[in-house]
Each structure stands twice: as C-alpha cells, then as structure tokens.
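Student: Sequence:
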Amino acid sequence: MKILGKVVLGMLIFVALLVVITFMVRYLHKPFGRPPQAEAYQHLSYYQDGKFQNPVETPMLKITESWPVMKRYMARDVEKIPAPNYRFSEQRLPGGDSASGVQLNWLGHAGVLIRSGNTYLLTDPVLVERASPFAFVGPQRFFPSPITPEDLPELEGVIISHDHYDHLGYESILAIQHKVKHFFVPLGVGETLRYWGIPEDKIVEMDWWQAYESADYKITAAPARHFSGRFLSQNNTFWASYAIELGGQKIYFGGDSGYFGGYPEIGKRLGPFDLSLMPIGAYDYAWANIHLNPQEAIQAHQEVQGGILLPTHWGTFDLALHSWYEPMELLVAESKQAGVPLLAPMPGQWVTPSAQTDARWWQQYRSSQ
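Heads up: the sequence shown begins at 1156 in the numbering used here, then just goes up one per residue.
FYI, nobody ran anything at the bench for these hints, they're computed from the structure. Any given hint could be a false lead.
Restraint ranges, calculated between C-beta atoms of paired labels, are given here [said to hold, decoys possible]:
| # | residue 1 | residue 2 | range |
| --- | --- | --- | --- |
| 1 | 1216 | 1293 | 15 to 25 Å |
| 2 | 1369 | 1246 | 43 to 53 Å |
| 3 | 1293 | 1350 | 15 to 25 Å |
| 4 | 1419 | 1488 | 23 to 33 Å |
| 5 | 1355 | 1488 | 22 to 32 Å |
| 6 | 1189 | 1492 | 38 to 48 Å |
| 7 | 1419 | 1492 | 14 to 24 Å |
| 8 | 1512 | 1229 | 29 to 39 Å |
| 9 | 1354 | 1293 | 21 to 31 Å |
30 Å max Cα-Cα, derived DSSO-like pairs, lysine-lysine [unchecked claim]:
| # | residue 1 | residue 2 |
| --- | --- | --- |
| 10 | 1206 | 1423 |
| 11 | 1334 | 1373 |
| 12 | 1334 | 1357 |
| 13 | 1217 | 1206 |
| 14 | 1185 | 1217 |
Heads up, the beta-carbon is just placed ideally off N, CA and C, and yes, glycines get one too.
When you get a sec, could you build the whole thing from the sequences and use the hints?
Tutor: Written as structure tokens, this is what we have:
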C-alpha cells in the first residue's frame, strides 16, 4: 500500500507540474499569443464549436498519420538548404525613391514590401532568424531579411494572412510596430496583437469580403483554405487572402492556402488583378488540402484573373519534404505550358508589376550543381 501510495502521489505531482508548466508557457510566454473570446464569432456560419471552419471539407493530417511523414522527412534525399552564399541585400530600381508606379520587394517567404510613392504596405513579415516562438529552435531562415526592421520605411499597413509562426512573428511585429499605421488581420488575430501591446486603433480585424479604404489604397479580405494555431490552440482564429488596390494597380495576396473552388468568385468579385502573389511551396500529399503546389498555384492565379504571377512561400524556410528549389523549377515549367507570365525577383530586388523574368537566378545557389 505504501508503494501504491507513493506511485499515486508521484503521478499527482507529475500532473500538477505539467499543468503549471503548460499554464506558464501558454500564458506567460508572449510569442504564443492569446486566443480570442469565442462569443464574438458565434453568429458566423463558418464558426462552430469554438473553431473556424473552411468553406469546404478540409481533412487534416491526424496524429496517428504523423509518424510515416516524419520517417519520410528524416529519410529524404533532397537538397534541403541552399549554398552558403545564398545572401541578399536591397537593390533599388533606377530612380530610387523617386521612381514612379507600384514597386515590390520580396523579402522571403510570404513577406512582400509594396510601394507606391510614399505609401508602403507589407505582407506577412517574419524578418528575424526563426519562424518560431523561441529564438533558439524552430525553422531558420536560409538568409537574413534583405531589409531589416530598422531599415523599413513608415508603413501604412501590415497585412497578415493568418497566425502561424511563419506568417506572424512576435519579434518582427514588435520590431516594426512603431512604424505601422494599421495592422490588417483576419478575425481573432487582433487579440494576439492586443496581448503584444499593439494599440487598439492600429488593429483592423477583417472578415472575408470586408474592405478598408483610405485615400491611397484599398484592402479587401477574401477567402482562403487553410487553418490556424499557436501552441495548443487550433483554428480559434481565421485565415484570409487579400485584394490590394494601390497606385492604380490591383494585387492579389494569396497568403497561405490549399486549392479550393472559391478562386473564381474572388476573381469575379475583386479582379481582374495585374499581379498575384501566390504561395507555391511547402506542399506534400500529406497536407495537400492546405498548401498549393506549383500547378495549383497556376490554376488559382488564372481563376482569380491574375496577370503576372509573383511566387511566394518558397526558398526561405525548410518546411516540407521537397528540395528548397523544386517549387520554382516546377512553376517555371507549368507557367510556360499554361502561358502565365512570371515575375520571380531575387530577395531584396525592387521590381515593377509590369516586369517579367525567366532568369533562373536560384540555380546558382544550388549546392549540388
């Protein structure tokens, strides 16, 4: 009986410690963010049982299915990272700050700095070393951001597609928040920004099809097929893509999404677009419902009535089982077959939406050439 009592006591102590540690990590470690109050979204048809839902059924990878994926991940024989000289700095257009029209600068992954005159917008900034709630572990950038938080200009708006760590980073937001006039975020994500100390008047939460318009730009949230979650929370905040109107141009920001039948409606209601920023990487058959592959990105681009396609969500983090350069190689082949013009700038390179390029600059950074 004494031994049994000690075992029970030990188990109780272990459970108590686990509860305390979970509480401390969840509520005292700021980067995890804070979930919103469910009552605010109960009236929405796509919010059920305290969770946001996709417009179509979206089966997710089950825990029991994770081990085979992990074994494939550990056994994969692909080039996971670029060569060591995969480094970039900001490259200005001729004319510098006085250059006219809309200009874009891909900072890596889903981060794109968009400029028209003195108006700057920035998408999904993860400008620090890791896409992680911890500074010492987690997916690491292949290269430092070509424009640092300190060197960023004043920003009219930062546009967030969802709350995953590779799209919404605590350190990045805190580093730039004093330069940002507004944060445009999906439903529920505003609660995390408030928790991080972002003033209420800077936060604009948007449901799908809601728009915000100023004298210089217009931003409209649109559907996407994805999921959300930080730490133990799952789908208690929403996800979105966006239509951006700036400097006489229409730009579609795809954020992070799997393919779904809503793209034609986006094109009909908000297009046509001069340019689409379309995610092309981190795909796999195990999570095909939530990440576009290059062929699907081409299809989505065409369905939203996009003109030129600028690929995002590739070449920055090791988040899937394919090689770091495979998404672009496949996209180039698919775009030629589909007749879709590409704009694939190097990170840090300022470009205009009217530009096109088939220069495969990334090939020089393959360590297996």
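Student: Now, for every hint given, state plainly whether the structure supports it.
Tutor: Evaluation of the provided hints:
1. One distance hint, 15 to 25 Å for the beta-carbon pair residue 1216 and residue 1293, holds here, with the actual separation near 19 Å.
2. In this structure, residue 1369 and residue 1246 break the distance hint of 43 to 53 Å, their C-beta atoms being roughly 29 Å apart.
3. Between residue 1293 and residue 1350 the beta carbons are some 20 Å apart, a value that agrees with the proposed interval 15 to 25 Å.
4. A C-beta distance of roughly 24 Å is found between residue 1419 and residue 1488, which places it inside the suggested range of 23 to 33 Å.
5. Against the hinted window of 22 to 32 Å, the Cβ-Cβ separation of residue 1355 and residue 1488 comes to about 48 Å, which falls outside the hint.
6. Hint check: residue 1189 to residue 1492, Cβ distance near 46 Å, so the stated range 38 to 48 Å holds.
7. For residue 1419 and residue 1492, the hinted distance range of 14 to 24 Å is satisfied, since their beta carbons lie about 21 Å from each other.
8. At roughly 36 Å, the beta carbons of residue 1512 and residue 1229 sit within the given window of 29 to 39 Å.
9. The hinted range of 21 to 31 Å is satisfied by residue 1354 and residue 1293, whose Cβ atoms lie roughly 28 Å apart.
10. At most 30 Å may separate the alpha-carbon atoms for a hinted pair to count; residue 1206 and residue 1423 meet this at roughly 28 Å.
11. Distance hint between residue 1334 and residue 1373 is fulfilled; the C-alpha atoms sit about 19 Å from each other, no more than 30 Å.
12. Taking the CA atoms of residue 1334 and residue 1357, the gap is about 11 Å. The hint holds against a cut of 30 Å.
13. Our distance criterion of 30 Å between C-alpha atoms is met by residue 1217 and residue 1206, whose separation comes to about 17 Å.
14. Note on residue 1185 and residue 1217: the hinted pairing holds, with a Cα-Cα distance of about 28 Å set against a maximum of 30 Å.
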